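Enquirer: So you can see what is in the structure, the chains are spelled out below.
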Amino acid sequence: MPTLGADMSDGTLVAWKKKPGDPVTRGEIIAEVETDKAAIDVEVFTTGVIEKMLVQPGEKVPVGTVLAIIREAGQPASAPAPQAGPGRLKISPSARQLALELGVELASLQGTGPGGAISREDVVRVAKAGGMRHETRGGTGEQPLAPVAEAAADRLLRMRQAIAAAMTRSKREIPHYYLSTTIGMGRAMAWLGEENLKRPVTERLLYGVLLIKAVALALREVPELNAVWKDGQAAQSRAIHVGVAISLRQGGLVAPALHDTDRQSLSELMQNFRDLVKRARAGSLRSSELSDPTITVTSLGEQGVETVFGVIYPPQVALVGFGKVVERPWVAEGRVLPSPVVTATLSADHRVTDGHRGGLFLAAVDRLLQEPSRL
Amino acid sequence: MSVPLTAEEVARAALRILGEIAPEADVASLKPDVSFRDQMDIDSMDFLNFVIALHEALRIDIPEADYSKLSSLTGCVNYVLAMSGGEKTT
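Respectively, the protein sequence lines represent chains A and B.
All residue numbers for the first sequence refer to the numbering used here, where the first residue is 1 and numbers rise by one.
All residue numbers for the second sequence refer to the numbering used here, where the first residue is 376 and numbers rise by one.
Treat the hints with care, as some may be off.
Stated by the list, open to error - With the C-beta cut set under 8 Å, the calculated list includes, among others, these residues of chain B facing chain A:
1. A397
2. E399
3. Q414
4. D418
5. M420
6. L433
Said to hold, decoys possible - Label pairs and their computed distance ranges (CB to CB):
7. B/R387 with A/H350: 49 to 57 Å
8. A/T181 with B/K406: 36 to 44 Å
9. B/P438 with A/A153: 40 to 48 Å
10. A/G355 with B/D436: 42 to 50 Å
11. A/P20 with B/P438: 49 to 57 Å
12. A/P20 with B/R387: 46 to 54 Å
13. B/E431 with A/S267: 37 to 45 Å
14. A/P329 with B/D408: 33 to 41 Å
15. B/E431 with A/Q250: 22 to 30 Å
16. B/R387 with A/A39: 27 to 35 Å
17. B/E395 with A/N272: 33 to 41 Å
18. B/E431 with A/G21: 39 to 47 Å
It is worth saying that the hints were derived from the structure and are not from the lab.
In this text the structure is predicted, and so the values were computed from the model without any measurement.
Backbone N, C-alpha and C define an ideal beta-carbon position, used for all residues, glycine too.
All chains should be built: construct the whole structure from the sequences, respecting the hints.
Expert: Written out as structure tokens, the structure reads:
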């Protein structure tokens with residue numbers, strides 16, 4: 001069961017797309033999984049032949065559980081794996097119960113007992129280190145939330161809980177700092193208008209794509225912001241996978257990745273962005289799209305918001321918020337003229353970067369948007 | 376376009392497309408003279424998809440500068456009819 005974000009502790013296998021004996025290639029969809037936030041298509045990361053399914057449709061299993069065994073190309077058929085299914089997490093019943101009571105994510109535990117077994121001491125250690133979820137599952141005396149009859153409402157509730165867990169963890173663990181700048185959008189909007197005149201309706205660009213691409217290119221200049229916090233330190237990502245916040249029709253949001261954002265042309269980015277929004281709202285995102293973002297971009301301009309102070313999505317270390325493009329008096333070449341402007345705000349993890357680097361990043365975004373034809 | 380469109384055909388197409396884009400919306404109850412965005416939760420991506428679908432369904436070219444004319448059902452019907460040489464509505 002792939003981990004699809006800091007807010008995911010388990011998932012339910014909905015269906016297999018393959019059966020034992022089927023060949024699979026890297027990147028192929030082999031299963032559909034239901035998480036608190038969305039239905040996800042699970043990809044494989046190796047090429048080979050499916051040897052055995054270890055989890056059956058309908059089963060809810062923790063993150064990290066082996067779902068199936070794939071025999072890699074050229075490898076002989078192996079004996080049945082010793083580990084299988086959700087119970088294969090080596091943890092004693094009492095330690096599992098304690099983890100539930102303390103709200104500790106099972107996926108965050110590393111066993112120090114025999115054969116890597118997780119003990120009660122391991123659970124306590126993680127709990128003391130702040131590895132508790134915001135909401136706990138029983139044992140606290142709290143009343144459970146009222147049952148909701150409709151499946152859609154239930155999904156929305158679970159999504160809100162997942163978002164609550166991730167955002168609470170973010171605010172608890174990440175020392176945010178915020179920087180904001182106002183960016184003149186006159187050149188970008190003029191260029192976009194001219195560019196769209198040349199394009200058929202199916203290939204026109206939204207200005208949001210310019211913002212996403214500018215962020216991606218600016219990350220090349222300040223790569224510390226393109227990272228995840230892991231094992232007590234920041235790990236920079238070589239690839240730039242910008243996660244884009246997408247509101248869902250039933251409520252809530254997801255922020256899947258546009259892979260290799262900096263290497264895509266604006267046309268490619270627009271087509272992929274359009275496809276991503278469509279699939280996010282249809283509930284057919286891929287697992288890698290939820291697990292891979294290295295930074296998040298969110299825009300609330302269409303809701304009339306001028307400035308967005310976002311909450312970083314762990315384990316990422318930065319988020320860029322854009323507000324509404326508004327007309328403001330703007331000084332250019334010694335003259336005050338009305339000009340479209342947008343406010344860009346960086347939320348960043350102070351453990352990883354300082355304001356100096358954050359400021360350079362925002363300056364790079366600004367500079368890139370002044371040369372839209374080069375994006 | 377060989378056969379001019381009627382206002383009813385355009386309205387039906389527009390509502391069908393909106394229903395596909397925002398399945399949660401009750402498109403039958405939309406007020407024709409009020410902006411879609413004031414009645415439905417649609418964003419710029421939804422609106423672009425609406426324009427693209429109209430273009431593909433009705434085979435009309437829609438310059439970006441004319442997007443604002445498609446903001447309501449009445450505006451949409453009038454615009455499409457004007458572009459396609461169909462009947463006029465009020």
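Enquirer: List, from low to high, the hint numbers that the structure doesn't satisfy.
Expert: 3, 6, 13, 17
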